[in-house]
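Asks: Each chain, letter by letter, is given below.
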Amino acid sequence: MTLFKKLPALVLTASLLGSAGGLLAPVAAEAATWTPRASEKLIKLPGDHLRRAVENDFRKSTLAAAISEADEKVDYKKSTLQDLKQALQRNAGSDEEIEVDLEYQLIGEKQAYLSLARERQALKRKKAETRIRLYERLLAKMNRSQKALSPQKALLVEQQKQAQARFQGSLGKIDTELMQSSITTQSKYATEYANNMAAIENLVAAINNHPMNQAPTVDGVEVTQEDFVRNMITRNQAELALVDQEDMVLGYMAKLVSLDALALAENISVADSGADVVAVDEPRNSITSTVDLFISN
Amino acid sequence: MFTRKPIALLLAGFMALTGTSLAQAGTLESLERERANLLDLMLSGDISMQERQTKISAYQARLVDLERMVLRDKSLVGKNTPVVRSAFANYDLTFLVHASVEKDRLLMDHWFEQLGVTGQNILNARVGRR
Numbered sequence: 046m047t048l049f050k051k052l053p054a055l056v057l058t059a060s061l062l063g064s065a066g067g068l069l070a071p072v073a074a075e076a077a078t079w080t081p082r083a084s085e086k087l088i089k090l091p092g093d094h095l096r097r098a099v100e101n102d103f104r105k106s107t108l109a110a111a112i113s114e115a116d117e118k119v120d121y122k123k124s125t126l127q128d129l130k131q132a133l134q135r136n137a138g139s140d141e142e143i144e145v146d147l148e149y150q151l152i153g154e155k156q157a158y159l160s161l162a163r164e165r166q167a168l169k170r171k172k173a174e175t176r177i178r179l180y181e182r183l184l185a186k187m188n189r190s191q192k193a194l195s196p197q198k199a200l201l202v203e204q205q206k207q208a209q210a211r212f213q214g215s216l217g218k219i220d221t222e223l224m225q226s227s228i229t230t231q232s233k234y235a236t237e238y239a240n241n242m243a244a245i246e247n248l249v250a251a252i253n254n255h256p257m258n259q260a261p262t263v264d265g266v267e268v269t270q271e272d273f274v275r276n277m278i279t280r281n282q283a284e285l286a287l288v289d290q291e292d293m294v295l296g297y298m299a300k301l302v303s304l305d306a307l308a309l310a311e312n313i314s315v316a317d318s319g320a321d322v323v324a325v326d327e328p329r330n331s332i333t334s335t336v337d338l339f340i341s342n
Numbered sequence: 004m005f006t007r008k009p010i011a012l013l014l015a016g017f018m019a020l021t022g023t024s025l026a027q028a029g030t031l032e033s034l035e036r037e038r039a040n041l042l043d044l045m046l047s048g049d050i051s052m053q054e055r056q057t058k059i060s061a062y063q064a065r066l067v068d069l070e071r072m073v074l075r076d077k078s079l080v081g082k083n084t085p086v087v088r089s090a091f092a093n094y095d096l097t098f099l100v101h102a103s104v105e106k107d108r109l110l111m112d113h114w115f116e117q118l119g120v121t122g123q124n125i126l127n128a129r130v131g132r133r
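Protein sequence lines, in the order shown, are assigned to chains A and B.
Under my numbering, think of the first position of the first sequence as 46, with each following residue one higher.
Under my numbering, think of the first position of the second sequence as 4, with each following residue one higher.
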């Protein structure tokens, strides 16, 4: 009869888990927040430093704290489940009441695990979605600053590029020809410019080799800042897709727990009602057995 | 420990600011002025051929430097003003010395050619009334 008391709880568990994924809406995910800003400062950071800055900002958020806490809770619940499963295996075939009690506890813990896991999934989803939003905003800002050129200004920039290319292309020839002329000698500007240029080239080489100025890379290949940000968006979309898939796994787990709960409820019901059935089948209250009582001398 | 970080950031910001060199103002204006003087000299009829050639060579040396200063002036990149637009719209006329040497032409010939005045045009021209 003690087992019978667990029936309503089991049926409720089964119905909760079985209905549309059946888990309660995560509350912690709504409270935890991360609101990064797509600032100009962030745009100017080179590749990997941009990613690190975003990660640092995330680490300071309440969302990061909530994810860390959820991870701990899920891990703790997982070890509880393992302990219960081992206890169940140890008690297999011994006391039926203890076994049912352990199974009941296991289902309850599975339900709690699924609830925590779903909460963690919601937090992870929030993290990935926020990251995607941030990188998309950064990309939009980058594109906006590039598209800000009016047609007239774009033409001017193009002409200046062409002038630069033409100048660089003919520089050697011009220097040679002008030096051949006896009148045109190397000016002070030209001499100083060449000296300064050598110093600048050394400094530029040092800047290019500086670890804080490394070009962004994706899989070891150097890419532009826009490509890097686009790659970060793709990565986070992949993370989001995996969260979706994990949600599906949780859904199937919930379905399995609900079936387990139903099976256990049915076992308890059969076990409890089984005794009554035997009593009913006994012909102790049959009319024929009392006939003798009605027959007098 | 915590006070060092803002100072380091401030220093980095200062370094970045000083890194962007303050552009020399008026490189293009100086070039235009020098070029106008050169053209004036080329068209002046009151000096001898020898004197003109000597002076043109001196101008040429100055113009080489000025043209390079303009072409290397970062402050002019994308500076959408009528003077800058007009200067870069025609490389051959603005950077007269560089363009003439590039095309293996005398400075004067190059300038006249850019204006559509050639020796053949002048020879074919007839004196007449408008």
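Hint data in this document are derived by calculation from the structure and do not stem from the laboratory.
Heads up, some of the hints might be wrong.
To be verified - Mimicking BS3-like on lysine-lysine, the simulated pairs with C-alpha atoms at most 27 Å apart in a straight line are:
1) K86(A) to K77(B)
2) K89(A) to K58(B)
3) K218(A) to K105(A)
4) K118(A) to K198(A)
5) K118(A) to K105(A)
6) K186(A) to K58(B)
7) K233(A) to K122(A)
8) K118(A) to K206(A)
9) K105(A) to K89(A)
10) K86(A) to K58(B)
11) K106(B) to K89(A)
12) K58(B) to K300(A)
13) K186(A) to K198(A)
14) K58(B) to K198(A)
15) K122(A) to K77(B)
16) K130(A) to K77(B)
17) K206(A) to K58(B)
18) K186(A) to K106(B)
19) K206(A) to K106(B)
20) K106(B) to K233(A)
21) K77(B) to K218(A)
22) K89(A) to K77(B)
On a predicted model such as this, the values are computed, not experimentally measured, just so you know.
Asks: Going through the numbered hints above, which ones does this structure break? Give me the numbers in ascending order.
Replies: Hints 2, 3, 4, 6, 7, 8, 10, 11, 12, 14, 15, 16, 17, 18 contradicted; others consistent.
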